[in-house]
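**Q** Construct the entire structure; sequences and hints are all you get.
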Amino acid sequence: EAGVTQFPSHSVIEKGQTVTLRCDPISGHDNLYWYRRVMGKEIKFLLHFVKESKQDESGMPNNRFLAERTGGTYSTLKVQPAELEDSGVYFCASSQLGRLAGPYEQYFGPGTRLTVT
Amino acid sequence: LAKTTQPISMDSYEGQEVNITCSHNNIATNDYITWYQQFPSQGPRFIIQGYKTKVTNEVASLFIPADRKSSTLSLPRVSLSDTAVYYCLVGYNTDKLIFGTGTRLQVFP
Numbered sequence: 031e032a033g034v035t036q037f038p039s040h041s042v043i044e045k046g047q048t049v050t051l052r053c054d055p056i057s058g059h060d061n062l063y064w065y066r067r068v069m070g071k072e073i074k075f076l077l078h079f080v081k082e083s084k085q086d087e088s089g090m091p092n093n094r095f096l097a098e099r100t101g102g103t104y105s106t107l108k109v110q111p112a113e114l115e116d117s118g119v120y121f122c123a124s125s126q127l128g129r130l131a132g133p134y135e136q137y138f139g140p141g142t143r144l145t146v147t
Numbered sequence: 008l009a010k011t012t013q014p015i016s017m018d019s020y021e022g023q024e025v026n027i028t029c030s031h032n033n034i035a036t037n038d039y040i041t042w043y044q045q046f047p048s049q050g051p052r053f054i055i056q057g058y059k060t061k062v063t064n065e066v067a068s069l070f071i072p073a074d075r076k077s078s079t080l081s082l083p084r085v086s087l088s089d090t091a092v093y094y095c096l097v098g099y100n101t102d103k104l105i106f107g108t109g110t111r112l113q114v115f116p
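Top to bottom, those sequences are chains A and B. In this text, residue positions in the first sequence follow this note's numbering: the first is 31, and each later residue adds one. In this text, residue positions in the second sequence follow this note's numbering: the first is 8, and each later residue adds one.
To be clear, the hints were calculated from the coordinates, so they are not data collected in a lab. Any given hint could turn out to be false.
[What the hints assert, rightly or not] Only pairs whose alpha carbons sit at most 27 angstroms apart, straight line, appear in this in silico DSS-like list of lysine-lysine: (1) B/K59 with B/K10; (2) B/K59 with B/K76; (3) A/K71 with B/K59; (4) A/K81 with A/K45; (5) A/K74 with A/K45; (6) B/K61 with B/K10; (7) A/K108 with A/K71; (8) A/K74 with B/K76; (9) A/K74 with A/K84; (10) A/K84 with B/K76; (11) A/K71 with B/K76; (12) A/K84 with A/K108; (13) A/K74 with B/K10; (14) A/K84 with A/K71; (15) B/K61 with B/K76.
**A** As structure tokens, this is what we get:
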């Protein structure tokens, strides 16, 4: 079974440009999450999809970030316009839905390293 | 949300047993304790999860005392490939994971 995949693995863009990151979750996983680690900081939650619906987007830093999950399959995270402080590693994770007790394990992708110059 | 405290780093030699303790004094009644492992240039990977007493799987054991205010991840006979960052997380729902700084384990030959 394929794991969570992310594309691209690395992106270098200039300040003010737009970048779109893609995440393909494990097939059948209804939960999809985005996280990011900014240089030297901890991994931080960005948002959570359940199928195509945004369940929690409390971690999105500002309106320059737009996440979508059309059809409840893959998801994209667009940063427009990118700023220097957006540099970091963006992780996507997915998990199953409906466990009776306790959190399901989340399966993480390898991350996309974004460098804004 | 329960705050966790764990050592910043630990060193070990191959073949030794490594125990990483995490403190979570304000853990809630329905919180679970979960450990993730992260290698460089990879996303975190689930290792083990427990609620109380002891849980064991093929890679690790998790010891949780009766008061649940701490937990210990035990890695038996570590190898060089166990060099990674280990995160202790406490929570109940599946909405989001709250990562701390983790413990950087370095295994030497």
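**Q** Given the hint that A/K84 pairs with B/K76, does the C-alpha gap stay at or below 27 angstroms?
**A** With Cα atoms ~33 angstroms apart, A/K84 and B/K76 exceed 27 angstroms; violated.
**Q** Taking 27 angstroms as the top limit, are the C-alpha atoms of B/K59 and B/K76 close enough?
**A** holds, 10 angstroms
**Q** Given the hinted pair B/K59 and B/K10, is their Cα-Cα distance within 27 angstroms?
**A** Given pair B/K59, B/K10 holds - Cα atoms ~18 angstroms apart, limit 27 angstroms.
**Q** Given the hinted pair A/K84 and A/K108, is their alpha-carbon gap at most 27 angstroms?
**A** Holds - the C-alpha atoms of A/K108 and A/K84 are around 15 angstroms apart, at most 27 angstroms.
**Q** Is it true that the CA of A/K108 sits at most 27 angstroms from the CA of A/K71?
**A** Since the Cα atoms of A/K108 and A/K71 sit roughly 21 angstroms apart, the hinted pair holds (cutoff 27 angstroms).
**Q** Regarding the pair A/K74 and A/K45, is the alpha-carbon distance no greater than 27 angstroms?
**A** holds, 22 angstroms
**Q** For A/K84 and A/K71, compute the direct alpha-carbon distance and say whether it is at most 27 angstroms.
**A** Cα-Cα ~25 angstroms, so holds.
**Q** Between A/K74 and B/K10, is the straight-line Cα distance small enough, at 27 angstroms or below?
**A** At roughly 14 angstroms apart (the allowed maximum being 27 angstroms), B/K10 and A/K74 satisfy the hint.
**Q** Are the Cα atoms of B/K61 and B/K76 separated by 27 angstroms or less?
**A** OK: B/K61 and B/K76 at ~14 angstroms, within 27 angstroms.
**Q** Does A/K74 pair with B/K76 here, judged by a C-alpha cut-off of 27 angstroms?
**A** holds, 24 angstroms
**Q** Is the straight-line distance between the alpha-carbon of A/K71 and that of B/K59 27 angstroms or less?
**A** violated, 30 angstroms
**Q** Please work out if A/K71 and B/K76 have their alpha carbons no farther apart than 27 angstroms.
**A** holds, 25 angstroms
Figure legend: structure checked against the earlier numbered hints; hints not met, in rising order: 3, 4 and 10.
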